[in-house]
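A.B. asks: In order, the protein sequences belong to chains A and B. Number 121 marks the last residue of the first sequence (the working numbering); no jumps. Number 358 marks the last residue of the second sequence (the working numbering); no jumps.
A portion of the hints provided could be inaccurate.
Here are the simulated lysine to aspartate or glutamate pairs, DMTMM-like style, with alpha carbons at most 25 Å apart [said to hold, decoys possible]:
{"no.": "1", "chain 1": "A", "residue 1": "K90", "chain 2": "A", "residue 2": "E52"}
{"no.": "2", "chain 1": "A", "residue 1": "K89", "chain 2": "A", "residue 2": "E72"}
{"no.": "3", "chain 1": "A", "residue 1": "K58", "chain 2": "A", "residue 2": "E72"}
{"no.": "4", "chain 1": "A", "residue 1": "K57", "chain 2": "A", "residue 2": "D83"}
{"no.": "5", "chain 1": "A", "residue 1": "K58", "chain 2": "B", "residue 2": "D178"}
{"no.": "6", "chain 1": "A", "residue 1": "K89", "chain 2": "A", "residue 2": "E114"}
{"no.": "7", "chain 1": "A", "residue 1": "K90", "chain 2": "A", "residue 2": "E114"}
{"no.": "8", "chain 1": "A", "residue 1": "K57", "chain 2": "B", "residue 2": "D178"}
{"no.": "9", "chain 1": "A", "residue 1": "K84", "chain 2": "A", "residue 2": "E114"}
{"no.": "10", "chain 1": "A", "residue 1": "K57", "chain 2": "B", "residue 2": "D238"}
{"no.": "11", "chain 1": "A", "residue 1": "K57", "chain 2": "A", "residue 2": "E28"}
{"no.": "12", "chain 1": "A", "residue 1": "K58", "chain 2": "B", "residue 2": "D188"}
Since the hints were derived computationally from the structure, they do not count as laboratory data.
For reference, the chains in residue letters:
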Amino acid sequence: MAELDEIIHQPLRLRIMAALNALPVATGLEFARLKKLTGATDGNLGAHIETLARAGYVAVDKAFFGKKPQTTVTATAAGRGAFARHVATLQEIIAGKQP
Amino acid sequence: MIDSQQASAALNDINDVVQRVRQSRIYQNASLIIVMWGVLVFVGYLANFTWPPQGYTIWAVVDLIGIAGSIAIAAFSGIGPGAGAFALRLLVAFLLFIAFGIFCSAVLGHFGPRQMLVFWPLFTMLFYALAGLWFGYAFIVIALCSSALIVTAYFYAGPALLLWMAVVHGGALVLGGLWMRRI
Chain A
23 MAELDEIIHQ PLRLRIMAAL NALPVATGLE FARLKKLTGA TDGNLGAHIE TLARAGYVAV
83 DKAFFGKKPQ TTVTATAAGR GAFARHVATL QEIIAGKQP
Chain B
176 MIDSQQASAA LNDINDVVQR VRQSRIYQNA SLIIVMWGVL VFVGYLANFT WPPQGYTIWA
236 VVDLIGIAGS IAIAAFSGIG PGAGAFALRL LVAFLLFIAF GIFCSAVLGH FGPRQMLVFW
296 PLFTMLFYAL AGLWFGYAFI VIALCSSALI VTAYFYAGPA LLLWMAVVHG GALVLGGLWM
356 RRI
């Protein structure tokens with residue numbers, strides 16, 4: 023029986039992973055855009071990205087464009103795999119294959 | 176473990192975010208094309224104002240650069256594996272658009288220079304509005320605002336129509352494209 027991924031299952035982290043997973047492989051989202059797409063606040067988003075990064079599900083790239091810092095978050099292969107398994111488990115629960 | 180209702184809510188949440196990401200990517204890529212066309216037509220109107228006898232040549236060059244640029248942006252926009260096919264469909268759409276526009280304006284309508292000047296941008300805005308029905312309301316807003324400004328220019332700009340068009344058509348596209356990137 024497949025288990026839900028507890029790291030991804032938290033609502034905001036689920037939205038972050040869904041957003042990153044909707045992009046082509048190796049394409050990331052800038053922090054401000056990710057915040058807008060997920061409806062998160064600055065601090066909240068930063069903390070959840072850190073949790074996902076510690077689990078190896080996302081890669082965080084910090085760069086400077088001129089004097090302006092820009093943080094880009096990208097789903098890793100492990101993150102994409104975990105997200106796919108999590109979605110499959112959700113679908114199994116809906117289909118009644120899981121208790 | 177969660178029940179099926181909670182699982183269903185989670186999947187709905189995922190679908191909602193995926194939809195937002197797709198919309199955002201469409202706006203990001205389209206805005207580049209729209210801003211590019213805004214700059215091109217702005218330059219085209221000013222060139223046409225400066226060298227009126229060269230009007231057809233100027234607009235042929237503007238259109239060729241615009242079409243090539245649009246296809247290049249579509250092909251290299253990072254849409255993913257379907258980018259090549261999308262760029263090809265865009266090329267076919269441009270060719271059909273131009274053929275139908277020439278048929279209406281030159282064969283059926285015999286438009287004069289002033290009518291030609293507003294027909295093409297209005298015809299373009301019709302496609303923006305149609306695109307908006309599928310790809311997002313921003314296209315419709317840009318089409319409505321630009322069309323209103325173009326029609327106003329046609330009736331009230333008098334001999335300065337080309338300069339008005341540079342500002343209201345080129346300017347509206349640039350501003351609309353930049354606005355699209357922020358939503």
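A.B. asks: Enumerate the violated hints, using their earlier numbering and listing them in ascending order.
C.D. replies: Numbers 5, 6, 7, 8, 9 and 10 - these are the hints that the structure violates, sorted from lowest upward.
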